[in-house]
Amino acid sequence: MIRFEQVGKRYPNGHVGLHELSFHVRHGEFLFVTGHSGAGKSTLLRLLLAMERPTSGRLLLAGQDLSSITTAQIPFLRRQIGVVFQNHQLLFDRSVFDNVALPLKILGLGKDEIARRTLLALERVSLHDKAEQFPADLSTGQQQRVGIARAVVHQPALLLADEPTGNLDPRLAAEIMKVFEDINRLGTTVLIASHDLALIARMRHRLLTLQRGRLIADGEAA
Amino acid sequence: MSDSNLPEPRPSERVGALPRAEVKSAEPDFATLLVAWLDSHRASLVDSLRRLGRQPVGSFLTCLAMAVALSLPMGLSLLLDDIARLGGSWQRAAQISLFTTLDVDDAAGERLRARIAALPEVAEAEWIGREQGLEEFQRQSGLGEALRGLPENPLPGVILVTPRQIDKAGLETLREQLADLSGVQLAQLDLLWVERLGAILALGERFVFGLTLLLVLALLLVIGNTIRLHIENRRSEIEVIKLVGGTDGYVRRPFLYMGTLYGGGAGLLAWLVLVYGLGWLNASVLSLAGLYGSDFALGGVPLEDGLSLLLGAVLLGYVGAWLAVARHLSELAPR
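The listed protein sequences correspond, in order, to chains F and A. Add 1 to the 1-based position in the first sequence for the working numbering, that's all there is to it. Add 1297 to the 1-based position in the second sequence for the working numbering, that's all there is to it.
For the record, the hints were derived by calculation from the structure and aren't laboratory data. One or more of the hints may lead you astray.
[Said to hold, decoys possible] Here's a subset of chain F near chain A, in silico, CB distances under 7 Å, partners left out:
#	residue
1	Arg-80
2	Gln-90
3	Leu-92
4	Leu-103
5	Ile-107
6	Pro-171
7	Ala-175
8	Arg-207
[Said to hold, decoys possible] Derived coverage of chain A by chain F (criterion: at least 3 residues anywhere in the stretch with Cβ under 8 Å from a Cβ of chain F; other residues may be distant):
#	region
9	1334–1346
10	1423–1431
11	1523–1536
Ideal placement from N, C-alpha and C gives every residue a C-beta, glycine not left out.
Start from the sequences, fold in the hints, and give me the full structure.
Right, dumping it as structure tokens:
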């Protein structure tokens, strides 16, 4: 599914984001990427979303080389990835339904199909009764679940999450992780960048540990 | 840690690959895509209208600024057309004055007039005898008493020739032909004022053209700046749209509708400004023309000119928005 082959990322100011990173993620896997601030977690996610390009090595996503992807191909790549952010990135002038339906509208699905899938995604995160509300009316945890619903509504093969529980208390964080596991059970590959080691340890999934852009450990969280 | 010995991902592992049963429902057919595309355009249009409606004063003032910029060159162009029309009617009334020698009396003058009137290039010819000319001169010049003191009538007979052709070359040829006639002392064709008017109109047209270019540029800047502000206000939305796979075209669409709506609004306002502005001016023009015994009036805004103005404004709005979004799209990459 994901293959990093000696991937390096050096910024124009000389800062090295990633050092010859190599690993492989199989289809349907659930894994965490952890490390301190500046370890390269966000850089890794940005490379997978084609927000940045590697400066060396090869990065393959389902066989497609993201090092050489064209600008025109990027939207179509992103349509097949779901992404969840720590700060939700919700549109506060649109209802919960419209926020979640956005990827489907971009895909060009019909109204009925959009409604069906959006309500299904909201049901998955237990927010189907909040469809007509606006994000500002929801709690932080609920907003995060709206973000997750939006990330999975178009049934992506890969779900990326950047510190999805960063703003949540432990109980809410556990709830959100449960949602991710449910999504993973449906066949979606899930990659979560997090520095919440206690939470990661409880989950017992594969864990990649980064330090200053290098992969220093790859194994099951203990 | 490196896992380079693992096999290449299977096609079924491709990003977005879904089980066959789900693929059928995931990939919409052409009709569904078309309906969704039209739906998306309708939604963009409605959304743009709603956003403009949320700031009615600001939107109106933007349209008004554009309308003023549009109506200036269009109004000047319409006025020039009217002046050209006026000049054309005067030119059509251009006459060649044939001054006869003093020995041509009324009978000879009338024969000469008939001969000239028979020419194919001549529409009309009128004989004004020496005595009739003197009477008219006395009446119009106010020098009646002084002229009565002259020992003999110094004025020659005149034949006023109205030509059929109105082009300068044709008139000049006819003048030369008439000047060669026996009994004709002088053939006078005064087209200098027509030439001057033509030169002034040409200068005016060039001025309007230059002004139009400048104002089109100003309009593009106005619309570009307005759209830039809309883009800034929707930056986070655009970033999200791009993150979830929105193409540049998808991002651009609502702004193109907004530019088009601004252009359409400005075009309609400019049309109204011109109709009422020229109508207001026409009252004074009618009164001035009346003093010269003319029924000349401004032509107003012909329907085709109004429609051209509206279409041009819509196009300008669209192009301005397109340029603004193209200019800022690269800055709108998700962060």
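So, going through the hints one by one against the coordinates:
1. Arg-80: Constraint on Arg-80 (chain F) satisfied, holds at 3 Å.
2. Gln-90: At about 5 Å, which falls below the 7 Å cut-off, the nearest Cβ of chain A leaves the hint on Gln-90 (chain F) intact, so it holds.
3. Leu-92: 5 Å, holds
4. Leu-103: 6 Å, holds
5. Ile-107: For Ile-107 (chain F), the interface hint holds, since the closest Cβ of chain A sits about 5 Å away, which is under 7 Å.
6. Pro-171: Status violated, d = 28 Å.
7. Ala-175: The hint is violated - Ala-175 (chain F) has no Cβ within 7 Å of chain A, the shortest such distance being about 26 Å.
8. Arg-207: With Cβ-Cβ at 11 Å, over 7 Å, it is violated.
9. 1334–1346: Since three or more residues must qualify, the claim that chain F covers the region 1334–1346 of chain A holds, with 4 doing so at under 8 Å.
10. 1423–1431: violated (count 0)
11. 1523–1536: Holds: 3 residues of the region 1523–1536 of chain A have a Cβ under 8 Å from chain F.
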